[in-house]
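Residue numbers (the numbering used here), protein chains in the order written: chain A, 1 to 491; chain B, 1 to 494; chain C, 1 to 138; chain D, 1 to 274.
It should be emphasised that the hints constitute simulated quantities derived from the structure, not laboratory data.
Check each hint, because a few of them may be wrong.
Stated by the list, open to error - Which bits of chain C does chain B cover? Going by a derived footprint, with three or more residues having C-beta under 8 angstroms, they are:
hint	segment
1	9-20
2	37-50
3	56-66
4	122-134
Only a predicted model underlies this, so the values are computations on that prediction, with no experimental measurement involved.
Cβ coordinates follow ideal geometry from the N, Cα and C atoms, glycine included.
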Amino acid sequence: METIISIKPLLAVLVSLFVIPVLVSSSGKPNVRESWIFVAGAIKLVLVLSMLPVILGGKQIVLTLFEIAPGAAIAFRVDGLGMLFAIVAASLYIVTSIYSIGYMRGLNEHGQTRFVSFFALAISATIGAAFSANLLTLYLFYEILSLATYPLVTHHQDATSRISGRRYLTFILGTSIALVLPAMIYCYHVTGTLEFSTAGIFTGQLSKPAALVLLLMFVFGFAKAGIMPFHTWLPAAMVAPTPVSALLHAVAVVKVGVFSIVRVITGIFGVDLLADFNLGVVVMSIASVTILVSSCIALSQDELKRRLAYSTISQLSYIIFGVALLSPQGLTGGVIHIAMHAFGKITLFFCAGAIFVATGKKYISQMQGLGKKMPFTFAAFFVGALGVIGLPPTGGFYSKWNLILGTLEAQQTIFMLVLLVSSFLNAFYFLPIVFKAFFGKSEEEDNKTPVKIQEANLCLVIPLIITAIISVVLFFYPTMFVNLIKIGLSI
Amino acid sequence: MDNYPALIVITPLLAALLAGIAAWTEERLSYPIALIGLAVSMFAAFKVLMQVITSGTINYRMAGWAPPMGIEYTIDLLNAMVLLIVASIAFFNLIASYKSVEQETSDRAGSFYAIYLLFVTGLLGVTATGDLFNLYVLIEITSLTSYTMVALGDRDRGPLASLNYIFIGVIGASFYLLGVGYLYLKTGSLNMVDVANILSGLHGSSTILVAFILCMLGIWIKMALFPMHVWLPNAYSYSPVAFARIVAPLMTKVMVYVMIRLMITVFGLDYIFETLNLSEAVVWLATFAIIAGAVMALAQKNLKKMLAYIIVCEIGYMVGGAWMGNQLGMTGAILHILNDALMTFALFLAVGSMVYKLKRVDFIDLKGLFGKMPWTMAGFVLAAFSIIGVPPTCGFFSKWYLILGAFEAGAYHFAAALVISSLICAVLFFKVFEICFFEPMPEGHGHEDSSSHVAIEEAPLSMLIVSGLVSISLVVAGLYSGTIVNTIILPFLQ
Amino acid sequence: MTDLLTLIVAKYNYWLYVILMMIGLYAMIAKNNLIKKLVGMNIFQTAIILFYVSIGYKRDATIPIIQNAHGGNDTHAAVIHAVDYINPLPHVLMLTAIVVSVATFGVAMALAVRVYQRYQTLEEDELRMRLVDIGPEK
Amino acid sequence: MKFLGFIIVCLTGALLLYGTGEFPGWGDPHSPASIHLSNDYIEKAVEQTQVPNLVTAVLADYRGFDTMFETAVVFCAGLACFLLLRDFKEKKERFYRHTPTGVILHVKDSKKVLKTGKEFEHMDKDWVPSDLIIKTICRILIPFIQIYALYVVAHGDFSPGGGFQGGVIFGSSLILLAISYDLKVLVKRVKEKILGIFAAIGVLIYVGIAAICMPMGGNFLDYSKLAPLVPGDPHHIRALGMLGVEIGVGIAVTAVMVIIYINIVSEGRHEEGL
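Take these sequences, add in the hints, and give me the full structure.
Right under this line is the structure:
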């Protein structure tokens, strides 16, 4: 494959890193600070997009920075998959920035400079992970992301966030050190390289049991993907301010986890090797359990953000499920779900945050009748929910369609049932919220003490409308993403 | 003739003497004298390293006598690297220490600097020398100075800790001396290279075996390998910060260097790994050292103590790597000498700043430190990440080589120990971070207007600048570890 | 038994040094009084000195000061036989080791004085109790 | 602890004895230690250094680098004792003796200082009337001891002796002064500052002589390069260089011996003690 050496991926990573000192130095002037965030975000998006034509043209952009050991360098390589992820992350970052200004100022949170700085660091790490050329680099950015998000999750600095932060790190850092690190070094020890390649790096050095153990170490080790039983950090992390939950725990953090697993399956083991050993089924089974169990748990959650979190856990497993099908359709469906779910879920989180800022309500049972007062928010919520359930006219439909085709293609009919059942569960835990919001009676009406509730401020509403619209648009124009996936996985 | 190798060691000694004189006449001069002495030494060390990289090993004959009659400095890539580390850490610590010394030992600062310089002289000499007995003398200089320094710290417990340190230290040094005696008796020589040549014909000898065991035991006691570590935690945590900051990163690392030097240059890896076949036992010992150090660190309630036990744990890394019996493990051990020196230095710099401001560093004293000393804490956090082994800090990369070496040697228990100790270190440091970050708990949600703002009380600028430089060097050393391995360590090992 | 005895007699100097060293080491480890420990330390170091010096010994040889070498000019005339003089090197090394041990002893004594000033005792068990008394450590 | 100690000691002893199994017999002239380097030293040293005392030759020339650090160790010990013990605080209570009557005054007010001289004499808490016989004998002995010390230093090239030995003898003569009179007499004669400076200067002489060799074009410690600086027979320059460093060593050792003694006996207060 033709490669181009360019510094652009590095710049795209570093741009939000460089802006951090500026942010810190302008901490007294919120307006200046926030305009810098936009500048950095815009530059980042432009840089990412400027690489898009090259990638769509079937080429790759590479850049090797530091050779640590032969075959293990800190290097970037932009391919289709990475590009897809980077576009999603970079574009949503800008939207979230708008949202977070509204949210943080709306609630008059403390430590806003710290917040935006670590936010920028986190997004840098996300882009870095997307563009990683090998497992070492991926691991590097994975760890940076874990640590950069810790102060975001524990932003409130109170007892609850302390406990949640502890759980967050225990699962994310613990698994990555205990499982991924040895597995990665073992791979290097066996093969002498960690470079991603579609054929896989193993050339017959691996027996089936060893492959199984390694695969499990990776799948569970990248705990950001929320595979059960390493999922509990995600609901715990919902103590964070909503912009963090929205971008990081619906897009960046969790998707980096999933993306890492996708990379390992497609780039380290190689689809063929796993198919030979028939290991896809193992991963699929694990993913199926997670999908079903977490969907059921989601049903029982009353706090909106926690329900969203459990929904996220199940949706992440869709992606892993799809990739583990090891068939072209399944791969496409799985990977494209990264994008589709991202737009859908971020809309939902935005809505949750907007409701909280406008009304102070966190629990679903309190939200009856709110739809009439916050029509835009709940409309967007509806669209987002459709996206996550996988119904037209949203992009979510496209990915779910592909997944189901994939199960048929791989002749795994039982697993198709899993998908269908879970879609029903999705519908059960989302649609009633919308229904009750629009048609239910609010508490205020009962009490006859009307409190004036209206839409949250514009900074909050505009982003969620934008993401909802994109969700719909993706239903009609998924082609670009599909092409990126085809190029990235050469299928 | 190039005199840089001698200058590295001599200038600190000269400076120590001048500072000793200045202590009685014009005390203000002793600090600049010390600074100049170490700067020259650092420059010479840098020159020597460059020279060694470009044109190979340097042999410098003291008094012009050819070895084995005279004492020779044999500076190859390994020495040169360690020399530069020692000289530069000593120099930068001196910059950071001015205020601490003023605070802790103001009435006899001149003598303090003299002892400090003698300590550095000892470390540099230990590193540079190619003579077994010269090594002993210089080890004694470092030990004697550290005994003194330890006693100068905590008024209540320092002298007692130091006295216990003396007993164990003397046993260690004497064992080494005995080992050298046994070697001398069998070979008749004291020059390392010469001894090695003669030894190659004596592999089966029981005397040589005993000599080897004695040397190793002596060095292990000096480097505080578990279970011979009992002196270290007290000694390090009771010494004055200016000294703790240099002894913690350097002393054990230089002893690890000595061990590697003895293994490679004097006894030869063939002898150790093929004739004696001791690798497995020592790697197990190192594994226990790692786990034990980490677990004991968990039990501590004082930051200095905790770090001291982490050093015990890190020693296990290096010993295990060196005894792995393969090139990767040795590479990891040597790389970790550099990296661990840097990270420990960074940690102790931060702790030094905290002690300067807070006087005590029990965990309960650290509340709200992120607000109070944000820059110090930034350095501390980065160093902690390096200890945990988070890329791209340098700690990750030496761990990488060590684990690779363990896989290659089939020592999976050692790899597991490394991983477990990383996890424990993560717990340790996040325990500290939590205290610094969450306590005192703000009431309800801290809001911008509420009084959650703590006045910033940072350490003096000199400490912060050094801390910043070292923190950056952690990342730089990490990213360039490939270069370091390729230009220094691999050529040395081949 | 006789074999062992002859072995001991043939190398009795080494046996003596080992016994001396064991005494010193035992005192350092097991004694309760810090000064006694210091004495043990000195015995230990003396044992090593004994060991080195006995390495240097050579039968039928004299101290390593070359005879008839005063003045310098006729040194070339005098033939020096290496067998006539004992090995100077161990003596040199031990001069250094003695100085080191004296220096260490000096520092240790100074520390003992400091400990005594602070706690009024040099018995280890009492010291341990005093340490408990002064409360949690700094 | 005792039992554990015993086991450790036995293990160490057994290890050491195991090592002696292959030792050459005691005094064997053909043992490696007696052949390899030893013969080189014995046969070449006089020719190369013009010093017939081989121990001195090896100590100050071949292994002069070791000895330099050895001196540094001595310096370090002195410095350590000073740093650890020296207590500059004024004492709270004082004792005076009224010389004509022998009445002893105990002054508890730290600010009240009596003028010492003919009438009053400053004294220790545990003062013992000094013995006239001891005082007189020591007064006579001390100069001879000191002369002997100088001889030992100066003649170290030719007979047993040298800087360390001479220094220790000289130092003990001063200590004898302190013992026979009392500490204050010594401290008054030999000021603490002088001792401190001399300890450093002694080592500095050594390091200085060694370092001058470098700008003269030699390696560190290479006395032969000093020839242009020193009048006299260049043939003997190494011997002269050794004498120079031995003098430095002597000074340093003397000073440090006294420093250690003063600080330890008076617990660092320099006012009273043995």
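Going through the hints against the structure:
1. 9-20: Result for this restraint: violated, n = 0.
2. 37-50: Coverage by chain B holds for the segment 37-50 of chain C (5 residues, Cβ < 8 angstroms).
3. 56-66: violated (count 0)
4. 122-134: Since 3 is at least three, the answer is holds.
Violation of the numbered hints given earlier is confined to hints 1 and 3; the remaining hints are satisfied by the structure.
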